[in-house]
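Chains A and B, in that order, are what the protein sequence lines are. Positions 11 to 407 (the numbering used here) are the ones given, in order, by the first sequence. Positions 11 to 407 (the numbering used here) are the ones given, in order, by the second sequence.
Just so you know, these hints were derived from the structure itself, not from any lab. Quantities reported herein were computed from a predicted structural model and do not represent experimental measurements. All C-beta atoms in this analysis are idealised placements derived from N, C-alpha and C, irrespective of residue type, glycine included. Just to be clear, a hint being listed does not mean it is correct.
Said to hold, decoys possible - Label-pair ranges, simulated between beta-carbon atoms:
| hint | chain 1 | residue 1 | chain 2 | residue 2 | range |
| --- | --- | --- | --- | --- | --- |
| 1 | B | VAL360 | A | SER107 | 19 to 27 Å |
| 2 | A | GLY40 | B | GLU297 | 57 to 65 Å |
| 3 | A | ALA398 | B | PRO252 | 27 to 35 Å |
| 4 | B | PRO18 | A | MET375 | 24 to 32 Å |
| 5 | A | PRO18 | B | ARG157 | 50 to 58 Å |
| 6 | B | PRO18 | A | ALA398 | 38 to 46 Å |
| 7 | A | SER107 | B | GLN177 | 44 to 52 Å |
| 8 | A | GLU256 | B | GLU304 | 53 to 61 Å |
| 9 | B | ILE405 | A | GLU194 | 34 to 42 Å |
| 10 | A | ARG133 | B | GLU297 | 51 to 59 Å |
| 11 | B | ILE405 | A | VAL22 | 34 to 42 Å |
| 12 | A | MET375 | B | GLU194 | 50 to 58 Å |
| 13 | A | VAL289 | B | PRO18 | 31 to 39 Å |
There are 2 protein chains.
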Amino acid sequence: MRKEAGMPLFQVAEYQSRIDKTKKRMIDSGIDLLVVTDPANMNYLTGYDGWSFYVPQMILIALDDPEPVWIGRGMDIAGARHTAFLSHDRTIGYPDSYVQSPDKHPMSFVADEMRKRGWDQQRIGLEMDSYYFTPRSYKELVKSLPRATFMDCNLLVNWVRIIKSPQEIVYMQQAGRIAERVMERAIDMLAPGVRECDAVAEVYRTQIKGTSEFGGDYTAFVPMMPTGEKTSAPHLTWTDEPYRNEQAVNLELAACRNRYHCPIARTAYLGRNPPPNLVKLSEITVEGLNLTLEGIKPGILCEEVEQIWRRHIARAGFEKESRIGYSMGLNYPPDWGEHTASLRPGDKTVLEPNMTFHMILGMWMESFGFECSESLRVTEHGCETFAAFPRKLFIKG
Amino acid sequence: MRKEAGMPLFQVAEYQSRIDKTKKRMIDSGIDLLVVTDPANMNYLTGYDGWSFYVPQMILIALDDPEPVWIGRGMDIAGARHTAFLSHDRTIGYPDSYVQSPDKHPMSFVADEMRKRGWDQQRIGLEMDSYYFTPRSYKELVKSLPRATFMDCNLLVNWVRIIKSPQEIVYMQQAGRIAERVMERAIDMLAPGVRECDAVAEVYRTQIKGTSEFGGDYTAFVPMMPTGEKTSAPHLTWTDEPYRNEQAVNLELAACRNRYHCPIARTAYLGRNPPPNLVKLSEITVEGLNLTLEGIKPGILCEEVEQIWRRHIARAGFEKESRIGYSMGLNYPPDWGEHTASLRPGDKTVLEPNMTFHMILGMWMESFGFECSESLRVTEHGCETFAAFPRKLFIKG
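Extracted from the complex, chain A is given alone in its bound form (with noise of 0.2 Å):
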């Protein structure tokens, strides 16, 4: 999902004061050149948007330069011009002969880039943990350019990201919007006999409709749906096997617009009765969330969202281990969050308007768990949920 010609997803003043406060942030870390090799930070700081980040790819930012640099494959360079705000001249690729090669690596093409533009003495900041960056890449750029002293800059972009523009929040918006629906059609497919991957179809078929004004993209998420003994294991995706009567199913869901995501998480029981230990654990971790909800509004920590929902638990003789969310938005497969403020103890992230977190709260028993979450904005005064969606044990009798 990108801009179509005449209608762009963002206005270039809102790109560049992206890079102005990107610049901002390298001036204080001490360096002269970021590479930007997350996607998501890629996309953030030009628009640019594609399915390419299994070959390196990069976005140069020069405090030197006023136009960042687009360095990436030469089939993808029509991609480029086609999403990304750059002048033309700013979008270099390399020849397909660096492609998965045994002799050769795109990284030195990319330091002779660098060199050309006199960049090869600078302190230059790396992306030191992001997916798409790998060891080999590392090795290749320090190596062919002895000269450059290297920083780790991880995340210093996402740390910019973390406060969304009012057009981020409308896509947000538009991503809860089709959120709703897939959650709606998630629940209605489950029954005894349907298959999970019958059930997974629709919510991925609901995704990509979107709405009849605007279309879904895919999430950097699979869709997850376990059920039975599997709901204790939670990164397991979809089986062909049917769903089965008398069993909870955890629904892990999410949908995207522009790459910007809204992940929402409920459980559904399929069966008349569901166990009196389940339908309290839904009470509590329900009450819980809203109670949370409640408490989020701008200058509390992180972790103080967090001890709203631990005291709560506390209360019903209860302790959970990982945190409760995270910050998230723009972003591609295979994670939705931004790696910035999480709410955990010892998160000290000061809560502002337009932060916008995934918070998913869960309780896990040996044999079965119940899971609610809401994605949301920080507000002036409080918070706003994303998608509006019941929060409680559904049950399909």
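Use these hints to put chain B onto chain A, whose structure you have.
Leaving out everything else, chain B in the frame of chain A:
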């Protein structure tokens, strides 16, 4: 998609044989311990399957140890026990406090585990150019194990994967059955006024539903169905704009079964009267595809396959830069290619029975292109395709 109780995807003996072949290559490369971080390689050696590759995880194969070790996030141990053939005491999880933390990195936990097993002074092979192994992970490991020697063993397991077993071929044939349905549904959907997202939504649904006998899995690339000027930008995804009359559409689709892929590409034209030069391109390309398929057999080199095509189009007055195919099979996003053998000049890989390729032939003019692909296995005397679908320009008049 993964094994259910009582129906493993592969016999333990098959995993064992894959591990044995890997160990032979480790001996040849002079390493004692292999750190396998590529999710497809992790699956290949143990059966492990989950959407958990967004956090550090790995399989350790040691020459002095009969059984592999799985290390990943604590919450994914249940998934590892559900999908991998390993004994429970060989699945080791790091605490959630390591996940995306500014203070500590999962690789220091991994180094401790290696030290416990006496592997900290060994020659350790790493997959230096695999997608989910980052420079930060690499540096943490090197720093934490100062007495170890590190070597790049990228693609070591991928080269073991290049020849498929009979059971792997069965899954690729099943993917072929689904791919036929996917392509049929995609072409059915194409009509002027239909939004791209609505056509892609049906493609997704068909991919995942599979057949009445077996379901489908998510594919390592998203479906691509570009039209108009976007056909010259290969990796752009869909929009919510409608398809228009008198436009060509390139359909680059696939199906997946148990993580084994069957990609397939075709081209359609919306309108009764396709331009004569598109018709001519389609005839040249299909003729070239047929010729090249006829030429594939054990014993010839990958570059010789490409030569058949190259000579064919030279006779028609054309040339094409990029490779025309690559080894593929088991994989995860972002790429179903195995990064080993390519059908391109200079690739001296000798074809053997049960090597599997995606061969994609395309010709592009200024404003449109024609492409047609087949997924195939090399047989004892030639080759056979996984999907049976007409090779031609599809005219939706």
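Hints and how they fare:
no.: 1; hint: VAL360(B) - SER107(A): 19 to 27 Å; in the structure: 21 Å, holds
no.: 2; hint: GLY40(A) - GLU297(B): 57 to 65 Å; in the structure: 60 Å, holds
no.: 3; hint: ALA398(A) - PRO252(B): 27 to 35 Å; in the structure: 29 Å, holds
no.: 4; hint: PRO18(B) - MET375(A): 24 to 32 Å; in the structure: 28 Å, holds
no.: 5; hint: PRO18(A) - ARG157(B): 50 to 58 Å; in the structure: 55 Å, holds
no.: 6; hint: PRO18(B) - ALA398(A): 38 to 46 Å; in the structure: 43 Å, holds
no.: 7; hint: SER107(A) - GLN177(B): 44 to 52 Å; in the structure: 36 Å, violated
no.: 8; hint: GLU256(A) - GLU304(B): 53 to 61 Å; in the structure: 56 Å, holds
no.: 9; hint: ILE405(B) - GLU194(A): 34 to 42 Å; in the structure: 38 Å, holds
no.: 10; hint: ARG133(A) - GLU297(B): 51 to 59 Å; in the structure: 56 Å, holds
no.: 11; hint: ILE405(B) - VAL22(A): 34 to 42 Å; in the structure: 41 Å, holds
no.: 12; hint: MET375(A) - GLU194(B): 50 to 58 Å; in the structure: 45 Å, violated
no.: 13; hint: VAL289(A) - PRO18(B): 31 to 39 Å; in the structure: 36 Å, holds
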